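*Asks:* In case you want the letters, here they are:
There are 2 protein chains.
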Amino acid sequence: MKRMSLRGRSVLITGGAGFIGSNLAIALVRKGAKVTVLDNLTPHQGGSLFNLKPVEDKIEIDFSDIRDEASIKRLVRGKDYIFHLARQTDHILSITNPFTDIDVNVRGTAILLEAIRYVNPETRFIYTGTRGQYGKAVKLPVGEDAPTNPRGIYEITNLTAEKIIGIYNDVHGIKSICLRLTNVYGPRSQMKHDHYGVVNWFIRLAIEDKVIPVFGDGMLKRDFLYVDDAVGAIIACAACDNCYGEIINVGDPKPETFRKLVETIVSIAKSGSWELAPFTSERKAMEPGNFASDISKIRRLSGWNPKTPLRHGLSKTIDYYRKFRKHYW
Amino acid sequence: MKRMSLRGRSVLITGGAGFIGSNLAIALVRKGAKVTVLDNLTPHQGGSLFNLKPVEDKIEIDFSDIRDEASIKRLVRGKDYIFHLARQTDHILSITNPFTDIDVNVRGTAILLEAIRYVNPETRFIYTGTRGQYGKAVKLPVGEDAPTNPRGIYEITNLTAEKIIGIYNDVHGIKSICLRLTNVYGPRSQMKHDHYGVVNWFIRLAIEDKVIPVFGDGMLKRDFLYVDDAVGAIIACAACDNCYGEIINVGDPKPETFRKLVETIVSIAKSGSWELAPFTSERKAMEPGNFASDISKIRRLSGWNPKTPLRHGLSKTIDYYRKFRKHYW
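First to last, the protein sequences are chains A and B. First residue of the first sequence? That's 1 in my numbering, and the numbers climb one at a time after it. First residue of the second sequence? That's 1001 in my numbering, and the numbers climb one at a time after it.
Just so you know, not all the hints are guaranteed correct.
Covered stretches of chain B, as calculated for chain A (at least 3 residues, CB under 8 Å) [to be verified]:
hint	segment
1	1003 to 1013
2	1141 to 1148
3	1157 to 1164
4	1167 to 1175
5	1282 to 1294
A few chain A positions that, by computed beta-carbon distances, are all more than 10 Å from chain B [as the list claims (entries may be wrong)]:
hint	residue
6	T42
7	T160
8	A239
9	S267
10	S271
11	N290
12	D319
13	H327
Just so you know, these hints were derived from the structure itself, not from any lab. Nothing here was measured: the structure is a model prediction, and the numbers come from that model. We treat Cβ as the ideally placed atom computed from N, Cα and C, and that holds for glycine.
Starting from the given sequences, assemble the full structure and let the hints guide the process.
*Replies:* Okay, structure coming up:
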């Protein structure tokens, strides 16, 4: 496969102070890219300047909103790669009020694409969606051709953004990759509340020596992915010419149960405990069941593979939050 | 199957002065329903008061915008059935500017659903999407479980609205039906430009004795549905308890070629002609290929079947527009 180097290339990362965005920014700086981060640091969303501390002297940061058309036009100019991670990511907000998701995730993506179309149509565009776009798995592992029946507004708006990107790719010739990321965990996720990734939230509870509630019988399976692996996948795809125009899963074909997850967290943390808890009816309606990603496509197209065993990733995550707790709690 | 009567029931039709909406309003008045039409008569969209002439003394009309939250809350109160047909429907606008589609079709639907959830959660909600939500057919005829890969912003936003409705059905308990209508033609569609239904546009060209351009080799197939049949399907589903919670195709399993369509139009109109024309590259990218709806589900759930042969429907349509041309051109 033909692989492009990101050294010396100008990149924009929307949502670049957030969980995955900041890890991506750090990795791209290490690869020699010239990184601009766009993040408006919306309170209670994932953005935090502390996340970017390791590279703060090596990047530019712009605090515009993704919906600010003039700023977006200015920012996309001259960029070789645009990684679009800005999102309304609060699952609880998205079920009580659908409008922010529609505005940020759908309209925000369209604003970015229109700016690219008019100002910089030769750029390369990489979007990170979610495995939640599939909804309940019809069979496991879940390939990219599986039905997409998302069970929440956040997941629907992510799917809509992906489909709009497909139009800009096919009709307007914008070179694009749409990734579908599984449950990602690791350093640099905000930990203030439980509206985001469940793994990191469980880690907080363990660090605080609290009881982790595991819904149902704890035997639901998910493929948990360490954030360095997710970032590796994003960069591997961006660098591969044959990934453009494609929808690509990023996950792990070997899922683990929630019970195994919390047992591992508690055993590494040496604090906290867990117990089974009944589903609320709302959670039950949105619960997509077992999930594992079919990653044969990304392996074939980019050569990427997840590298971090769950125990190792959890251990690094627990160490990170113990060390930097005051910046995340 | 258990069938409910609409006689004496209060119904709201959003987009009720438009093509399908006005035909639906007239049919519902004839069935004895108390009809309120919501339509802001956006210029160059389908809404027209002339469409409602036959029932103007028997309905209420409200000119609010579907995005006007206060008006929507007022309008949904006390309605037994809400038929949601208001849409940004201009295919050409939707490809040059995605924002109106997102705002009207996605956010507008969410505004309506939120109003229902707070003001009238016991209502019954019927949504008319499009077969364009499928995109290119993987196999024919296309069933409701087929992949949904829409090839335009209009179609994407219709799919998004459908998926949001699914959440309100599943999570918030709003009783909903999502229909996917094939190419509908017939009286009461605006005819000012070619940004809407292709069949009606071809009829205008024939009436004006012009040349009808048929893209490609004319052998593409579609299932064309006369508007009275579409309206019959909408009402049949609304009246059937077992249709709620379902996504249901409305179409005809016997498709016809575009060549057959235009030959029939020209032979009935006794004016106009047709010729083959090459696809533009933009049209080519958005062209979904042959299409025919699998309607076994609607037959099973509601007993509905299309009744109007193509030749008969075209003939009634040509008569209508010849008679009322000045109101539509």
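*Asks:* Does each hint fit the structure? Answer for all of them.
*Replies:* Quick rundown of the hints versus the structure:
no.: 1; hint: 1003 to 1013; in the structure: violated (count 0)
no.: 2; hint: 1141 to 1148; in the structure: holds (count 3)
no.: 3; hint: 1157 to 1164; in the structure: holds (count 5)
no.: 4; hint: 1167 to 1175; in the structure: holds (count 3)
no.: 5; hint: 1282 to 1294; in the structure: holds (count 3)
no.: 6; hint: T42; in the structure: holds, 19 Å
no.: 7; hint: T160; in the structure: violated, 4 Å
no.: 8; hint: A239; in the structure: holds, 26 Å
no.: 9; hint: S267; in the structure: holds, 35 Å
no.: 10; hint: S271; in the structure: holds, 35 Å
no.: 11; hint: N290; in the structure: holds, 19 Å
no.: 12; hint: D319; in the structure: holds, 38 Å
no.: 13; hint: H327; in the structure: holds, 34 Å
Comparing the model with each earlier hint shows violations of hints 1, 7; every other hint is respected.
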